[in-house]
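K.L.:
Below, each chain spelled out in residue letters.
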Amino acid sequence: MNPSDAELYNPARLDELTEGDRAFISELLITFRQDLFEQLQQLKSLAPQETAKRKQLAHGMRGACRNVGAEPLAALFHLIELNAERDLIDWETIETIAQRTWNMMEPHVTL
Amino acid sequence: MRILVAEDDRTSRMLLSMTLRNMGHQVVECDDGEKAWALILEEGGFPIVITDWEMPHLNGLELCQKIRAHQRELYYTFVLLLTVREGKESLLEAFQAGADEFLSKPIDRAELHARIHSANRILELESKLRRQYRELQSAHEMIKKDLRAAARVQQSLLPRLEDAKSLPFKVSWNLIPCEELAGDIFNVVPLGENRWGIYLLDVSGHGVASSLLSVTLSRLLSAERDHSALFGRVGSRWDVLSPAQVLSNLNQRFQISAESEGQYFTIVYGILNTQTRTFKFSSAGHPPLIQQQPNGEVKIHESGQLPIGFLPDLEFKDKILSLIPGERLLLYSDGVVELANRAGELLGTNRVTEELGKSRSTEFSQVLPSLENALTQWCGCGEEVNPQDDISLLLIEL
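For the record, the sequence lines run as chains P and V.
In terms of my numbering, the first sequence opens at residue 61 and continues consecutively.
In terms of my numbering, the second sequence opens at residue 329 and continues consecutively.
FYI, nobody ran anything at the bench for these hints, they're computed from the structure.
There may be inaccurate statements among the hints.
[Claimed, not checked] Quick list of simulated restraints, FRET-style, between CB atoms: (1) Tyr461/V - Phe97/P: 50 to 56 Å; (2) Arg462/V - Asn70/P: 46 to 52 Å; (3) Gln101/P - Arg462/V: 51 to 57 Å.
[Claimed, not checked] Partial chain V-side listing against chain P, Cβ under 10 Å, derived: (4) Asp336; (5) Asp337; (6) Arg338; (7) Ser340; (8) Met342; (9) Leu343; (10) Asp380; (11) Pro384; (12) Leu386; (13) Val412; (14) Glu429; (15) Lys433; (16) Pro434; (17) Ile435; (18) Leu440; (19) His445.
Using N, Cα and C, we set each Cβ at its ideal position, and we do this for glycine too.
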């Protein structure tokens, strides 16, 4: 494991919120993964001038990431939201970080 | 507690709903503002709505505004706005839209618990307030009903039209109370031997307390000799007392005291003798009597005396007017002369006199309606006079 990857996901947050409900955490993380990669695809497919939609999607994902305890990924979505007018996104880096975040989550899926 | 959660992000919605359910609440979920509004309408409202700020179709602020615009009387909806927004302006915008409180993202269990607890407390207070408001409304309705019944009793004490027709002189009147019950009262009382007692009195204030005293006084100023203040017993017979004596007796009996809560009254009382064509009268602090001769000339008979109740040994004087056929006398309360127009200016005795002068050639039955019309125009209050004080008018023509 890359030592910095441990920072990508904080499992204590969901443990505390759900009072350690493993089944619910698993269901939630699977839903999160599905939405995360779907919305990344949607974001990538947007035309440069579709700034409002880009802002809205990034804002939504930022909230979801913060809720599940993926703060670094939330910060990246915040950057996308703030720079929605400028299409300067390095999708490869974001997809890599999203994948590495999921890798840290996956062991917590016990279903 | 039934809570509606409106949040477009599936993960956040699941997490929030699950946390609320774990706290023991019933949760209904939806993923945009329009669906939330449809659910609110369909289910007849939710005590608590937690809504995200940014949502497609109808955002959280717009949902708040709709909830507030359609707020039902039955209960209040507490709206919690989910936000990652920062800055004072955003908060003000949300409060103006009708949000009650904020819930910051990411969700914090302790904060969520505290917010719901506080919402619950406010909802309980709101519900108590609404219940008390409904109780007050119902009590108010009951009081109004009682007052209307009391007003009917009070109206029954005024002169009756059928009795007025049999009088050897013409009389017309009107009483416009500023509340259901009036402190003004007047009457024409047969005293025997072509004599008629005519009075108009105005108890200080208005409403229930004043009307109770005015009703008591109307009983005292009646033709029933054994308890009337208009007669005095001399041996075995009853003599008609002069107006000044009547006022003096009333003054001794109704002095201002702590028990009477500072109540006093003004009165003009006179004896019209249709045989001698005289009007002997006395007044206690009452607005001047207006006498209008058939040729249109108007005389104002001022009263410089204090109202009843101020000084126990006050002496009253009689004044005698000689009348000729067709002569009119106008008795009225201060509610007439103190009627204010929109600029706050009072009507005053001179304007009343002028208006009366205009109606000299008017048929007797139309004089008071024409005067009331002038009052309505003066106060600029639409079709009816809406006075700050009771208005009473009593017009007599020999």
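K.L.:
Now tell me, hint by hint, if it's right for this structure.
P.N.:
Hints, one by one, checked against the model:
| no. | hint | result |
| --- | --- | --- |
| 1 | Tyr461/V - Phe97/P: 50 to 56 Å | holds, 54 Å |
| 2 | Arg462/V - Asn70/P: 46 to 52 Å | holds, 51 Å |
| 3 | Gln101/P - Arg462/V: 51 to 57 Å | holds, 56 Å |
| 4 | Asp336 | holds, 6 Å |
| 5 | Asp337 | holds, 4 Å |
| 6 | Arg338 | holds, 6 Å |
| 7 | Ser340 | holds, 5 Å |
| 8 | Met342 | holds, 6 Å |
| 9 | Leu343 | holds, 5 Å |
| 10 | Asp380 | holds, 8 Å |
| 11 | Pro384 | holds, 7 Å |
| 12 | Leu386 | violated, 14 Å |
| 13 | Val412 | holds, 6 Å |
| 14 | Glu429 | violated, 18 Å |
| 15 | Lys433 | holds, 5 Å |
| 16 | Pro434 | holds, 4 Å |
| 17 | Ile435 | holds, 6 Å |
| 18 | Leu440 | holds, 9 Å |
| 19 | His445 | violated, 17 Å |
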